[in-house]
Every structure is written in structure tokens, then in C-alpha cells.
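Novice: In case you want the letters, here they are:
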Amino acid sequence: MTINQLSIFMENRSGTLIKALELMKKSKIQIIASTIADTAEYGIYRIICSEPTRAYKELKEAGVAVALSDVFAIELDDEPGRAADAVRTFSDAGLSITYMYSFLLNGKGILIFRTNDNEHAREVIILNNLKFISESDLSQWK
Amino acid sequence: MIWNPNKECMSRDEMSALQGKRLHKIVEYVYHNVPFYRHKLQEMDITPDDIRTIEDIRKLPFTTKKDLRDNYPFGLQAAPQSEIIRIHASSGTTGNPTIVGYTRKDIGVWSECMARCLTAYGVGREDIFSVSYGYGLFTGGLGAHNGVEMVGASVVPASTGNTEKHAKLIRDLGITGIACTPSYALYLAETMEKIGITKEQIKLKVGAFGAEPWTESMRAEIQDRLGLKGFNLYGLSEIMGPSVSYECQEQCGSHINEDHFYPEIINPVTLESVPMGQPGELVFTTLTKEGMPVLRYRTRDLCSLIPGQCGCGRTSVRMSPITGRSDDMLIIRGINVFPSQVESVVLSMKEFAPRYMLIVDRVNNLDTLMVQVELRQEYFTTTAFDTPAAIDELEKRLANKLRSVLSIGAKVQLKAPNTIERSQGKSAHVIDKRKL
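If you're matching them up, the sequences are chains A and B in order. The first sequence begins at 357 in my numbering and counts up one residue at a time. The second sequence begins at 146 in my numbering and counts up one residue at a time.
Heads up, a few of these hints could be off.
[Stated by the list, open to error] Keeping only pairs whose Cα atoms sit at most 25 angstroms apart, straight-line, the calculated SDA-like set for lysine to any residue is: (1) K416/A - T532/B; (2) K310/B - Y524/B; (3) K413/A - F497/B; (4) K546/B - A396/A; (5) K546/B - G399/A; (6) K413/A - Y524/B; (7) K211/B - I565/B; (8) K375/A - I565/B; (9) K382/A - E540/B; (10) K416/A - E540/B; (11) K578/B - N368/A; (12) K384/A - E414/A; (13) K495/B - E397/A; (14) K556/B - G399/A; (15) K413/A - E523/B; (16) K541/B - E414/A; (17) K375/A - M357/A; (18) K495/B - T395/A; (19) K413/A - A535/B.
Just so you know, the hints here were simulated from the structure itself, not pulled from any lab data.
In isolation and in its complexed conformation, chain B is listed as follows (with noise of 0.2 angstroms):
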């Protein structure tokens, strides 16, 4: 099924068209709103009435987190702040946290991409759906429940925690849809055998997983375990949330709604556009948004473009599965987590030199997050530490500031001074276990 033809399988002169002048539109809106992207499109000499097509769009600046972060919190927004009727908040890398303003009209374009996601798995009127992202600064909970709510399913508001009750209301309930990520779904599924329930038991049909990079092998296990049938759904907070790009029943690539947000696949050190079909990163414009539109966003995700007709008559063009990011971004639990913000922790707290290392693993199907932090030679000069309960509170301070930075708590780890090797880069600062 398709939610709206008229957009998602238009033909692609008229596809064009329409994203060349709504392109105009929003720069048009953001040289007039946001004095950032004014200021830039004044030093690159480029006035609205220059972006005329869509191909116009490599004449624009990128945005980079960055960008988003120097702005915090406001600074990008568009729309006066009585327009704003919704505030969601990512982790940010530095403490800062990435503010996103949504005006009314937003919110009622992400409820439609996101009807369009879930049209495409299959969900209908008649379906009972349950949303386990998290609810709350999160973009994942909200906004994959308006979606529900718009193509008329019954929402079951289940966010996460509490997989037991859960997993009785599924076989309860007759759930016939499940928004979550991958790896909560494979913990659902050990739940369910722990406490008795069987795949005969309960009529799951869909899932949409998202949040997280998984692979098709975990789709295979997700599959056979629950008995449904798996879908991609990619989003970001920057761009929107859940519902920028979802798989149809074809499942070769993720259809991105195109007529709002528009890709790009470029070349991460030179720039550049490469050919349509080459891997690169990926790169998105807000075509319609009104709170906070982003020219040319880097998502450091990295993929390539699929063009063409697909088999499911949609026109719109498709992403590959995400291969890795140009950055050194970790999403944990579905939450992302850069190793510079545990440095940040680190380097607040006197007792710790600045060597740290991030242990990333997944046990049971949950991702684990140890950090080790080197403990500073000067800090053995006091008494404070000779008793197993002094080290002890060290320990809690230091995970309790991890879990107010990161949102996802971290099992401690304290290293004698000299004992985490030097770092070479950023990358030597993390150890991903996790088979992907």
C-alpha cells in the first residue's frame, strides 16, 4: 500500500521541479529568518534568486553539528519562538546538547512522512502498533506515535523499559506492529521465551527498526524469533526524526521522502558530489521546515543512492544501508555517543589524566558501554584514597557525570596512572566488539 501516490511516485521531471522550487523557497526563507545562513550566503556572494533548480543546490554551504552546536540553543531556529509548538534535544558532543524547534505545520509534515513509513510495512487502520523508542527528548517515541496515530492504527505508547509487561501486552493485546531498534527487539524476543510466550502466541506482524546501524543477519534472527517481518526506518533529529527514508515490501534500499528532504552524496574530504550511485557521505536539506530548515546537513552516515522505479511502483530515490560514519560518532542503545564527550567528562574531574578508553559491546542483544579512565599519579599524594570506599565514591561521581552527558548509563572502570596506552587518534580512544 502507499500512503500518498501523488508524492511518493511522481514522476521524476515533476519530482525535480517541485524540490527546485521549494529548494528556492527555503533559502529564500532561511536568508530572511537565520542570520548564520545569511551571513554565509553573503560571503559566498549567493542571493536567493540564484538557487533556481534543484541542481542549483551545490552552490550552497554545508551545515555541519558544529554549526548546530556554535548556535546552541536558538541560533538556527527560522520561525519565531510562538510558532514553535514542540522542542526535541539530542546529545550534543561538548554538553551541549542539539536543540530542534518544530512549527505546527512540521510536526504535521513528520506525521505524514511517517504515515508514509508504515503504509509502506504494511500497517493499517485495523492494526494495534506499539512504539518502544523512548518517549521524551528523543525524536524517536513522538514521532513514530503521530505517524501511528495518522494512518489510524490503535498506538500503544509503550516506550522502553518494563519488556515484561510489554511483552504480555503484545500476546495480550494481539500487537500486530512494534517500533523499536533492532537490538531492543532481540531482547524482546529472549523476554518473551524467558517468561513463556511463544511466537504462536502472539500476532506481531511488522517491525519497524531503526536507531541503530543492524545487519541482515540480525533481521533474519529478529525474523524467525518474533515472527514478522522486519523494515528499515532512518531518521535523524537534525533533519526531522524517524521517517526520512523507510523500506517498502520490496526491502532493496529505504525510499526517502524525497519531495521533503533532499540528498546528497558527497565525498567526505574533498566535498564534492560524487556519481549518482557511488558511496559517499550522505548529506540532507529540510525542504519544507519551518522550525529549524538545514541547508546541505552532513550526516557522517555513510551510504550511496539508488535511483529508479522500484518494484513497489514507488519513484522516489532510495538509500543503501548505512556501511559506517566519516566521523567517530557510536550509537549505543540507539543513543549517540561521541568519545569527546567522555574526554570532557574526564578532563572536568582533577583525579583522572586526560587517557581514557571506550569498550562498546553487545551482551544478551544490549549494547554495553564500559569506559576506562587512568587515574592521575598527583592523586595518590593525598590519603584520600586508601579505603575501597573512597575509590567507590570516586567511581559513582565519575559514572553518574557519564550518564548525565551521555544519557546511557556506563559501567567504570579506574586504571592505574600509565596503564591506558597513548592514543594515535581519535579512533584509538574506542573499542567496538560489537559484530556488525
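Next comes chain A alone, as it looks inside the complex (with noise of 0.2 angstroms):
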């Protein structure tokens, strides 16, 4: 039910983000999202992209400080309201969200988000039968 992210550790000095980005146009690989979590003296580069194992191998291979992480994705109706409306969900059975990020992808909205409990937070899904999104489904958008 989760779905593979990429967590890249940056330091913050120029030419990390770049020889990351490279890295994945040289694999052909599509990044469908991404976000930077920045303090002072690094970044957390956190990507969706299709073919999350593989990039996850050749951006190691090539020295890159990656790992990949367990995150659910949610999709909603692309209609304000929709994303209080799901996390609301979640907040009333007790989950937290460590992070969250967002993304529109053929006119729907996805919810990229980690929690404290990955089981729960299964539960809650399917208790409130929300859609999410799968790991196959990410290779299609290739």
C-alpha cells in the first residue's frame, strides 16, 4: 500500500542538487514529484519518480547518500477541502504526520505523506476507504 521514495541526504553547497538530477536524466528516470526538506547546513531531497528501486541502485552506485522510504499516497478529488478533509481522517484516529507534500497529476490531487505508524495509518485507509496510490501504479507514469 506504500509506495517507494527517494530520501537523498545534500549538503547545502552548490553542485550536489545538480549531479543528482543528472544522475536520474542519465537512468531515464521520471521524477513525478519532489520536495527539499532544508536546514542550515543540508537538505533532504525527497523525490517520487517512476522506477524508485532502480534509481535507488544506480544513484548509489554512483556514490550518491540515498535511501528509500515508506510513504503513503492518497489521491483526491482535485476540489478544495479534500485535503483537510483526509488528513482530518487520519488526525481523529490518533495518526501524526512527520511530512506531507502535494501534487496534481492527471486533474487529481496526491497526497504524499509518512506517518509515526504505518500499520495504523493501513487500517485508517482502508477503514475510510480512501484511494491510494500503489507501487505499480508509479511505473505507468513512465
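Since each chain sits alone in its own frame, please combine them into the complex, following the hints.
Specialist: Following this line, the structure appears as C-alpha cells:
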């Protein structure tokens, strides 16, 4: 039910971002969404992409400090208030969102997030009939 | 002024005779009380009877920091514990500090030697003297403190920290002398300017500066900004603490209290003695110490000895300023730091590769230390790290470990795998940007 997100550790200095992006370009990996969580000294570049397992392997071989993280991806109707409704569902169930970001894909809103309890999150998604995106859906986005 | 002309101005023949007599006694003492030295001397087929004059010292084995570490904590202590009245500790290279125990007589000798230093600087009974070395395991604070009490000046045990309050005390009490590191003196000057205390409002006339290397240009700056005369004060805990040598008003080298600490200069590679006046590594033998006497202790400090009577009247041999080290020790804010200490911390944490860099700088007259450490590629196979909070936690854990091993705080910087150059030797672990 979760999908793989690439998390890349980056020092805050010029050249680190372009190095990772050039590698993905060379491997013909399609970036679907990305965001950077940054501090004064470094950033964590989070990427949803096609073929994350292959991307992970190739980046790692090139010496990039990359990890695969399990995150949830929920599909929402592209209307005001849908994100609030979704987060309310988790909040009411006592789940904490560690981080979250969103993007639009084919007219649908996609909410990416990590929680403090994956098992519980799975139950909540099923019980509330939320539409989730799975790993196999990602490869269709190539 | 001279505290003890009988010793400080002794004729060279008398001094050599006294040193020879004391050397024989101390060798006999360690032979019977310290198995480490007895075994060494037995291996070299030397008995205390072979050591009769000070020249015989060249027959004796050297002692190194490693010997002190290997015999942690009390292996080199010669006096029974019941006679030890104080224990100091200095930082060690791999976690074990160096432990030095002092008998009542040792504390007395230390105070006497420190009194000689202070008297040479011009400190007397009328003075109010602030000791701003750290009080604690470090020998600086208490060592200087005892000497100030010995000469009969009023000691203000200011220690380090709370510099603003200290600056106000210097003005309000009319403090006339201060002992601290030269970089702290500059920091103090800056603090005074910041809170509006001028040179004219204070009465400082003497500064006893030591515990870290300093230069003539630093001396000129401190003297100008605080309106005092700055004197060198040298010492190391393995030998005693501050008071091993001191500058007089002539300021042409630091007089060594050589009736208690016998100096030699050796070639650090061949370990042969070098001719008088030539530079090399400074070696000390404690001639009177009871708690933890050491034979030919290699200080790793590089300097030369200056013979001959000084313009001040003292006859004791002088040492030139320290020009460097024969090992990779750094002195940061007066604290001894070895790159190998950082290495031991890095190796103890599975998140890090064994690659690191110490970057030392001096910002606003205060030494700063930054430690760069490389994250291990394997660390990224877990998802544990993918939030800044997780990385902050790792940074904090590393910083706390470093602080407890080094005794000073270090800023920590995590580096991506394979971004720190592989070192070609020990010095490749250090970038020292301080202009000294």
C-alpha cells in the first residue's frame, strides 16, 4: 500500500543538487514530484519517481547518499477541502503526519505523507475507503 | 623582584651539584616505588648508584604520554595514596585522562615555583589578582591560585565564564593582575569595550599568560588594549602545572625552575641530546616530586634553551618561546586536543565512516573547533534518516560524545559519503586556520 520515495542527503553547497538530477536524467528516471526539507547545513531531497528501486540502485552506485523510504500516496478529488478531510481522518484516528506534500496528476490531487505508524495508517485508509496509489501505479507514469 | 634569590640566582656549579644530588635521590625513589621505572632501569642494567651527577641523566630512559596512559590511573604514582592530597587530570588521547597525584610537599613546591613566577612579574602583597584559568581537573586554576596566596596578594578566583561580571570586578575592585590564556585576555578586552569599560577605568598592570601558544603581536595587542604588561607562564600537568617556567621583566626567554624541573632538548627523531642553544624537543625530569615523579618526560614542545645570567640577575636557564609540536596535538582554548580522540568517537558510532576533519579557527579571539564527519553509505539503507529531526538527533549525539571526550564543545558537520579526502597521514586530519 505504501510507495517508495527516494530520500537524498545533500550538503548545502553548490553542485550537489545538479549531480543527483543529472544522474536521474542519464538513467531516464521520470521525476513525478519532489520537495526539499532543508536546514542551515544540509537538505533532504525527497523524490517520487518512476522505477524508484532502479533509481535507488543507480544513484547508490554513483555514490549518492540515498535511501528508500515508505510513504503513503492518497488520491483526492481536485476540489477545495479534500486535503483537510483526508488529514482530519488521520488526525481523528490519532495518527501523526511526520511530513507531507502534494501535487496534481491527471486532474487528481496526490497527497504524499509519512506517518508515525504505518500499520495503523493502512487500517485507517481501508476503513475509510480512501483511494491509495501503489508501487505498480508508479511504473505506469513513465 | 626575586622571590627566592638563593635558588633563582644560584651559581651554575652549585645548581649542577644540587641537580645531581636530587637526580640520584629521585632515581633511587622511583626505583623502589614505581615498578614501571624499576623494570625499565633493570632492563637497561642501570641502578640508582650509576646516577651520581646531572650529566648521568642521559643514561636514563624517556617517559612518554603513552607510558602515562598505559599506566592509568595510578601506575606511575610513587607515593602511597595516604600521602596524596590532590589529584588533577588532563585530557588523554583515547579516552583515558592522565592522572597526576600531588603530596602535601608537591603542593608546597608548586606554590613556591608559582610564587617565583608572580614575583618576577611584579606581583606582591598589595596586589589584587584574578585567576581566570579554569578551576577544576585542569591544573591552571588551582595552580596559579596557590601561588597568589603564597606571595600574599588577594586572590580573586574568577575562573572562566561570565566575562561581563569579571570585567566589572576588574574595574570595581581595582584588580591589578590577571592569569588567563592570551586568547581569553583578548576576549576580556573585547567584552570591556562592549560594556563600556575603558582602559583608564581599570588598574590591571600584570598579565600572566599561558596554557596555549601566543605570539609577540598578540602580546602587543593585549598590552595595548588592557594597559598591562603581559608575561609568559609555562607549565604542563605531567610535570606540575603552571609554574615550570616564567618570564622576568627582561622578557628574553622564560626562566625554568630548574632546581625542581630539569630541562633537556633532544632531537625528536634520534632522541640524542642537541648542543646547548639548538632547537629540539623539550624534555623534563622532576627532581623533587613525590606524588608522580617522571624521568625525562617528552613534552613534544619544540623550543631551545638559553644559557647565561639574565639582566634580571637570575642565573637559571631560560627556554625560548614554543615554536611547535613534535606530535599532532592541538591546543584549543587552552585544552589539549588530539585528532585521535576525535577518531575514537567516530569509530565508536556505526553511522560514520572512519573519515573526519578537524577545522580550527579563531573568531573574535576565541578558538573554535568544527568536526566534519562522513556518514557511512550503509546508514542510508534505513529510512531512519529521512527527516531533519533524525539527522539533528545524530548530530547532537555526536556533539555530546565529542564534548565528553575532548572537554570542549565542537560544532559538528555531517558530510555525505566519500566527500572527505582520504588522509595521507595524521596532519591531514587537521586544518588550523589560526594565524599564530
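Novice: None of the hints should be skipped; say for each whether it holds.
Specialist: Structure-based check of all given hints:
no., hint, in the structure
1, K416/A - T532/B, "19 angstroms, holds"
2, K310/B - Y524/B, "46 angstroms, violated"
3, K413/A - F497/B, "21 angstroms, holds"
4, K546/B - A396/A, "22 angstroms, holds"
5, K546/B - G399/A, "24 angstroms, holds"
6, K413/A - Y524/B, "15 angstroms, holds"
7, K211/B - I565/B, "29 angstroms, violated"
8, K375/A - I565/B, "17 angstroms, holds"
9, K382/A - E540/B, "33 angstroms, violated"
10, K416/A - E540/B, "23 angstroms, holds"
11, K578/B - N368/A, "22 angstroms, holds"
12, K384/A - E414/A, "11 angstroms, holds"
13, K495/B - E397/A, "21 angstroms, holds"
14, K556/B - G399/A, "18 angstroms, holds"
15, K413/A - E523/B, "13 angstroms, holds"
16, K541/B - E414/A, "31 angstroms, violated"
17, K375/A - M357/A, "31 angstroms, violated"
18, K495/B - T395/A, "23 angstroms, holds"
19, K413/A - A535/B, "23 angstroms, holds"
When held up to the earlier numbered hints, the structure conflicts with 2, 7, 9, 16 and 17 and fits the remainder.
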